[in-house]
Amino acid sequence: MSMFTQASIVLATMVAVYVVVRAFRISTELAMFGAAVGGALVAGFGFPVRHVAEGAATYLDINLIFVTATLFMNLLKESGGVAFVVRSILKRFHRSRALLLVLLTVLLLVPGALTGAGSVTVLVTGSLVAVVLHYMGIPTHRAAALIFLNAGLSAAAPPVSLWAMMTAAGVNMPYVGFFWPLMLPCLVAGLLTSFILGWKGEGADVTKALEELPTPPAGMAWWRVLLPFVVFGGLVFVGRQWPFSTPIIGLPLMFAAAGLVSYLVSPVRLEFFRIARETVDQLLPLLGTLTCVGILVEIMTLTGARGLLAVTAVTLPMWVVYATLFVVLPASEAVLMWGAAPVIGVPLILLFNNRGLDPIVALAGMSLIWPLGDALPPTAIIGRLTVDVVGYKGSYGKFLRACLVPALIIVVMGTLMVVYSKKLSFLTGL
Amino acid sequence: MTSRLLAQKIVIIGLGLVLLAMSGASFYHSRRLKEPVVLGPGVTAVKQLADYFEPLRGTANNCNVYLLEGRERGATMLVLGGSHPEEPAGRLVAWILAENAVVQKGRLIVILSANRSASTVTRLGGAYPPDFSIVTPWGSQTFRMGDRWTNPLDQWPDPEVYFHYPSRQQLAFVDIRNVNRAWPGRPNGTLTEQTAYGFMELIKREQVDIAIDLHEAELQYPVISTIVTHQRGQDMATIVSMTLTDMEGFKIGTEFSPRTLHGLSHREIGDYSPALSLLFEAPEPFLDATRGITTREQLLTGKDEFVVKAGKHGLLFEKIDEKGWPIDVRVGRHASALLQVAETWGEDHPDKLLVITEVPRYKDVIEKGVGSYLRDPAKGAGRVVYE
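Chains as they are written, first to last, in this note's numbering: chain A, 1 to 430; chain L, 1 to 387.
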């Protein structure tokens with residue numbers, strides 16, 4: 001049996017198991033696990049215990065970031081800090097919707113740009129922005145879409161764009177010259193997204209909003225809110241400014257430190273263990289998804305199903321490659337997350353380079369499109385996280401539909417950057 | 001909590017514990033798998049990397065340093081195998097040197113596990129086999145599979161972005177655990193940086209003239225089947241490339257080390273020491289992102305239909321057909337290339353020769369197989385050490 005036939009059978013089995021398990025209304029996570037086990041059995045690997053465990057640990061670091069960052073934000077919320085900030089922003093900026101939208105866009109772009117993770121944007125500033133958007137009269141599903149899309153753009157924005165960095169590393173290309181090819185489209189797309197989704201809506205009724213918003217506890221002040229962020233930002237800054245004399249503590253511990261400061265400076269006594277328990281309850285579905293995605297990807301790699309998808313994607317005719325970037329990149333992100341960069345990104349960039357395109361601009365264009373996949377099944381990690389953080393209870397499809405128009409603009413921008421990368425190569429030298 | 005829910009939780013926890021125990025045993029075995037090295041007749045001393053940089057003592061990266069002193073004085077060559085343990089040809093060539101080479105003139109220093117920690121882990125999500133075995137006339141010898149990056153058990157967490165020392169060039173966060181992005185190293189840095197620093201100390205103290213870092217690459221990687229050289233080694237690399245292509249029947253190119261790409265051995269060893277710095281790349285389809293089924297067989301035969309298909313679409317920088325890239329071919333290329341470097345060096349430095357014998361060349365390895373050059377530890381007679 002050829003490798004193509006075997007991998008196709010394995011892939012078909014995985015899809016079939018996934019569909020059947022889901023038909024029994026069993027969770028997505030267990031469906032993915034079942035698909036992985038089914039694929040391994042059909043491929044003749046039995047139950048590959050080592051690979052299951054190894055795959056489950058693939059996204060351990062990201063899981064730790066989710067837990068610690070969400071704990072930090074929940075501590076801040078419980079201390080009254082979020083309500084305090086929202087009230088202050090509304091009071092000061094409610095007269096200018098445009099200014100408010102620009103400010104919120106910048107607030108959303110910064111955390112992800114610094115850390116390379118859209119999840120950090122959602123967790124750190126997403127909930128704050130969501131409340132402000134609510135009082136600007138923007139429906140929750142549109143607010144969620146605005147935050148999700150900007151979070152994705154923040155992850156693609158420089159200085160840290162993991163898709164660009166990982167793909168560049170895979171083709172022996174220095175991560176140099178990416179700043180403007182990433183920054184300009186991310187900024188433009190971010191502002192367009194915010195204005196498209198946030199412009200319509202009733203003007204902020206400050207009086208009503210202030211009545212409805214919870215009153216912060218006595219003693220709450222800007223320094224109490226900002227100090228944890230200063231600690232987090234300071235730890236990131238120090239690590240970047242003096243990387244050779246600063247111990248590496250990692251993002252999870254940075255968020256934990258910020259959370260600790262938030263706890264210590266809270267004007268009210270916080271029930272730490274209750275908040276921690278609720279945080280884990282809140283995140284459990286996401287953590288489960290990431291764990292099972294890791295297992296699925298590992299088994300897909302083991303059985304050749306991953307290779308089949310990768311080789312199929314990069315051997316299509318050139319015009320088809322261009323025309324399907326909007327499907328291939330988000331779809332690979334939806335399954336592999338950052339793993340999409342080495343699996344799909346590397347062969348695509350080599351293909352583009354072979355065809356005389358500018359690899360830096362092309363990769364920047366691809367990096368713009370990739371994060372859109374974070375709202376798509378089977379993982380939909382950042383999409384689900386955003387919906388969760390914003391507190392949107394409606395159908396997930398409605399949230400996706402709200403994303404559609406700005407997402408199309410982002411896709412078109414990214415694809416045009418790839419196609420016309422040679423002409424845009426001046427951006428790398430700015 | 002209902003009794004039904006409690007029972008469900010107990011069952012799931014039980015299954016989790018079984019999974020933990022079984023996989024844990026596999027990981028434990030991988031990390032502690034002893035790889036025997038039968039010291040060849042040419043080995044005159046075995047040191048440790050910590051002898052050159054004390055802080056490495058007691059760490060996973062305190063690897064063995066095999067010294068093969070010649071009968072006459074001459075040039076010193078350092079051969080680094082296992083910078084990326086997932087590229088097994090480099091380690092196997094180093095093994096062959098340690099078990100077979102005899103140095104007539106000059107000195108050979110061989111490292112089998114340049115990033116020993118990376119040899120004790122397999123890539124998360126990569127579905128690597130835990131180990132692989134080479135068939136020999138006396139049975140088979142098993143080697144740890146390893147990864148490209150230092151084991152997170154030895155160096156963790158990663159930063160959100162890696163700043164290379166001393167250039168401050170930004171690299172992907174995970175490359176902070178890549179020893180071939182850590183040169184010239186940092187004495188108070190991470191384990192990986194300290195490892196590179198330890199090798200730089202070795203290079204300086206042992207007055208190494210030529211440093212060769214043995215690697216393999218995916219076929220879709222532009223730097224493949226080549227000798228990457230620091231600018232001071234350009235002439236030599238070109239002559240070696242031409243000679244091998246003419247005389248040994250396989251093509252090998254030359255690439256010049258980019259001055260702006262930092263952390264790699266071919267750049268930093270040359271910049272920070274008097275040694276000539278070269279890096280060899282052989283093709284390893286196992287590393288390709290488009291590879292099919294991930295097995296030991298694929299690792300050792302280099303046969304892969306998906307990679308062949310990618311090649312037919314012009315996506316590769318090296319040819320591949322149904323014959324694949326067997327480990328014997330990859331090892332043979334490295335062996336011939338480093339022997340040719342020694343010979344070419346001698347032509348330019350007649351007063352400081354490096355003469356190495358008893359090492360198979362390309363055709364020998366293909367004819368007899370890598371296993372023929374691995375010695376039986378049972379007959380080591382007190383000359384067995386472990387990696």
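Among the hints, a few may not be true.
What the hints assert, rightly or not - Straight-line alpha carbon distances no greater than 20 Å define the calculated SDA-like cross-link-like pairs of lysine to any residue that follow:
#1 Lys9/L / Leu20/L
#2 Lys312/L / Thr315/A
#3 Lys303/L / Ser266/A
To be clear, the hints were calculated from the coordinates, so they are not data collected in a lab.
Structure-based check of all given hints:
Restraint check: the Cα-Cα separation between lysine 9/L and leucine 20/L comes to about 16 Å, which is no more than 20 Å; the hinted pair holds. Restraint check for lysine 312/L and threonine 315/A: satisfied, since their Cα atoms lie roughly 9 Å apart, inside the 20 Å limit. For the hint pairing lysine 303/L with serine 266/A, the CA-to-CA distance comes to about 62 Å; that exceeds 20 Å, so the pair is violated.
The structure does not agree with numbered hint 3 stated previously, though it agrees with all others.
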